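Engineer: Chains as they are written, first to last, in the working numbering: chain S, 13 to 93; chain B, 17 to 174.
Check the hints yourself; a few may be wrong.
[Claimed, not checked] Lysine-lysine pairs mimicking DSSO-like chemistry, simulated, CA-CA at most 30 Å apart:
{"no.": "1", "chain 1": "S", "residue 1": "K55", "chain 2": "S", "residue 2": "K18"}
{"no.": "2", "chain 1": "S", "residue 1": "K55", "chain 2": "B", "residue 2": "K18"}
{"no.": "3", "chain 1": "S", "residue 1": "K14", "chain 2": "S", "residue 2": "K55"}
{"no.": "4", "chain 1": "S", "residue 1": "K60", "chain 2": "B", "residue 2": "K18"}
{"no.": "5", "chain 1": "S", "residue 1": "K60", "chain 2": "S", "residue 2": "K18"}
{"no.": "6", "chain 1": "S", "residue 1": "K18", "chain 2": "B", "residue 2": "K18"}
{"no.": "7", "chain 1": "B", "residue 1": "K130", "chain 2": "B", "residue 2": "K18"}
{"no.": "8", "chain 1": "S", "residue 1": "K60", "chain 2": "S", "residue 2": "K14"}
[What the hints assert, rightly or not] Pairwise CB distance ranges, derived in the manner of DEER restraints:
{"no.": "9", "chain 1": "B", "residue 1": "P113", "chain 2": "S", "residue 2": "D70", "range": "41 to 49 Å"}
{"no.": "10", "chain 1": "S", "residue 1": "C29", "chain 2": "B", "residue 2": "V96", "range": "17 to 25 Å"}
{"no.": "11", "chain 1": "B", "residue 1": "E26", "chain 2": "S", "residue 2": "N61", "range": "35 to 43 Å"}
{"no.": "12", "chain 1": "S", "residue 1": "E51", "chain 2": "B", "residue 2": "E82", "range": "38 to 46 Å"}
{"no.": "13", "chain 1": "B", "residue 1": "T52", "chain 2": "S", "residue 2": "N30", "range": "25 to 33 Å"}
{"no.": "14", "chain 1": "B", "residue 1": "A104", "chain 2": "S", "residue 2": "T32", "range": "30 to 38 Å"}
{"no.": "15", "chain 1": "S", "residue 1": "D80", "chain 2": "B", "residue 2": "T68", "range": "28 to 36 Å"}
{"no.": "16", "chain 1": "S", "residue 1": "D25", "chain 2": "B", "residue 2": "V96", "range": "17 to 25 Å"}
These are computed hints drawn from the structure, not numbers from a lab.
Values in this document were obtained by computation on a predicted structure and should not be read as measured data.
Glycine residues also receive a C-beta, built at the ideal position from the N, C-alpha and C atoms.
In case you want the letters, here they are:
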Amino acid sequence: MKVTVKFWSYFRDFTECNETSLEVDDGATLGDLHSAVMEQFPKLAEMKNSTLKAVGVDYQTDDFVLSDGDEISLFPPVQGG
Amino acid sequence: MKTQLTLSPEPITEVPPAISDGMGAVVVFHGVVRGTEDGESIAAIHYEANETMARHQFELIFTAIENQWPVESIRLVHRVGEVAVNEASLRVEVIAPHRAEAFAACQFLIAEMKAKVPIWKRAVREGHAVRVHGRAQRVPTQFQSPQGNDPSPSRRAK
Numbered sequence: 013m014k015v016t017v018k019f020w021s022y023f024r025d026f027t028e029c030n031e032t033s034l035e036v037d038d039g040a041t042l043g044d045l046h047s048a049v050m051e052q053f054p055k056l057a058e059m060k061n062s063t064l065k066a067v068g069v070d071y072q073t074d075d076f077v078l079s080d081g082d083e084i085s086l087f088p089p090v091q092g093g
Numbered sequence: 017m018k019t020q021l022t023l024s025p026e027p028i029t030e031v032p033p034a035i036s037d038g039m040g041a042v043v044v045f046h047g048v049v050r051g052t053e054d055g056e057s058i059a060a061i062h063y064e065a066n067e068t069m070a071r072h073q074f075e076l077i078f079t080a081i082e083n084q085w086p087v088e089s090i091r092l093v094h095r096v097g098e099v100a101v102n103e104a105s106l107r108v109e110v111i112a113p114h115r116a117e118a119f120a121a122c123q124f125l126i127a128e129m130k131a132k133v134p135i136w137k138r139a140v141r142e143g144h145a146v147r148v149h150g151r152a153q154r155v156p157t158q159f160q161s162p163q164g165n166d167p168s169p170s171r172r173a174k
């Protein structure tokens with residue numbers, strides 16, 4: 013199945029793109045996807061433990077099972093205010 | 017500390033006119049861009065938002081407030097794009113029956129926003145935006161990546 017990964021804030025500097033598409037196996041989790049993305053964009057590994065992850069508009073944990081067509085957002089700690 | 021004290025028979029015009037009879041407290045907070053970031057002078061802060069997700073996360077916070085305090089209304093403005101030093105980047109207005117719940121709800125709203133609403137900032141120095149490092153300690157525990165036991169890296173996920 014295919015999912016879209018969007019990058020926000022300075023993660024775009026790390027990846028030099030706004031988004032990417034990945035093929036993932038059925039049953040793949042958000043954690044699996046994060047690992048795959050960090051392999052593709054090694055600079056993201058610097059922020060591995062503080063990366064926030066959302067599927068659609070909701071935060072999800074690494075054990076969240078992805079579905080075909082999901083839109084995942086990866087971003088650094090938020091800084092509003 | 018500067019203070020300004022006015023004793024006057026004139027109406028306090030800042031109070032929102034739509035307030036209902038049972039409401040006794042209006043808390044207004046302005047977040048203002050400071051002139052320094054990480055110890056260096058800046059000209060402005062550029063705010064970027066994932067707007068769709070930000071709206072959703074704000075709605076979740078508003079619902080949590082509604083479930084916890086008898087708040088009549090919340091009005092919130094968060095600037096996006098470039099906000100100059102000394103300008104407000106955030107305005108929050110909370111109306112409630114009493115000051116305790118109005119202040120508590122306002123504090124809760126801002127704390128939750130700073131943890132969950134996807135808005136980021138870059139300091140602008142002489143026309144160049146530079147990254148402002150996020151503070152990892154602001155990340156809510158439930159959203160942090162688990163330590164260890166990560167699957168082996170693979171371009172193709174599991």
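Engineer: A separate judgement is required for each hint: does it hold in the structure or not?
Structural biologist: Here is what the structure says about each hint:
Straight-line distance between C-alpha atoms of S:K55 and S:K18 comes to about 15 Å, which keeps the hinted pair within the 30 Å bound. Note on S:K55 and B:K18: the hinted pairing is violated, with a Cα-Cα distance of about 46 Å set against a maximum of 30 Å. For the suggested pair S:K14 and S:K55, the alpha carbons sit about 23 Å apart, so the restraint of at most 30 Å is met. This hinted pair does not check out: S:K60 and B:K18 have alpha carbons roughly 44 Å apart, beyond 30 Å.
Taking the CA atoms of S:K60 and S:K18, the gap is about 16 Å. The hint holds against a cut of 30 Å. Proposed proximity of S:K18 and B:K18 is contradicted: the alpha carbons are some 46 Å apart, above 30 Å. Pair hint B:K130 plus B:K18 holds up; C-alpha atoms about 28 Å apart against a cutoff of 30 Å. Note on S:K60 and S:K14: the hinted pairing holds, with a Cα-Cα distance of about 23 Å set against a maximum of 30 Å.
About 32 Å separates the C-beta atoms of B:P113 and S:D70, a value inconsistent with the hinted range of 41 to 49 Å. One distance hint, 17 to 25 Å for the beta-carbon pair S:C29 and B:V96, holds here, with the actual separation near 22 Å. Distance hint check: the CB atoms of B:E26 and S:N61 are about 56 Å apart, inconsistent with the given range 35 to 43 Å. At about 43 Å, the beta-carbon gap between S:E51 and B:E82 stays in the expected band of 38 to 46 Å.
At roughly 30 Å, the beta-carbon separation of B:T52 and S:N30 lies within the given 25 to 33 Å, and the hint holds. At about 36 Å, the CB distance of B:A104 to S:T32 agrees with the hint of 30 to 38 Å. Checked against the hint of 28 to 36 Å, the C-beta distance between S:D80 and B:T68 comes to roughly 20 Å, which is inconsistent with it. Evaluation of the 17 to 25 Å hint for S:D25 and B:V96 yields a pass: the beta carbon distance comes to about 19 Å.
In summary, the numbered hints that this structure violates are 2, 4, 6, 9, 11, 15.
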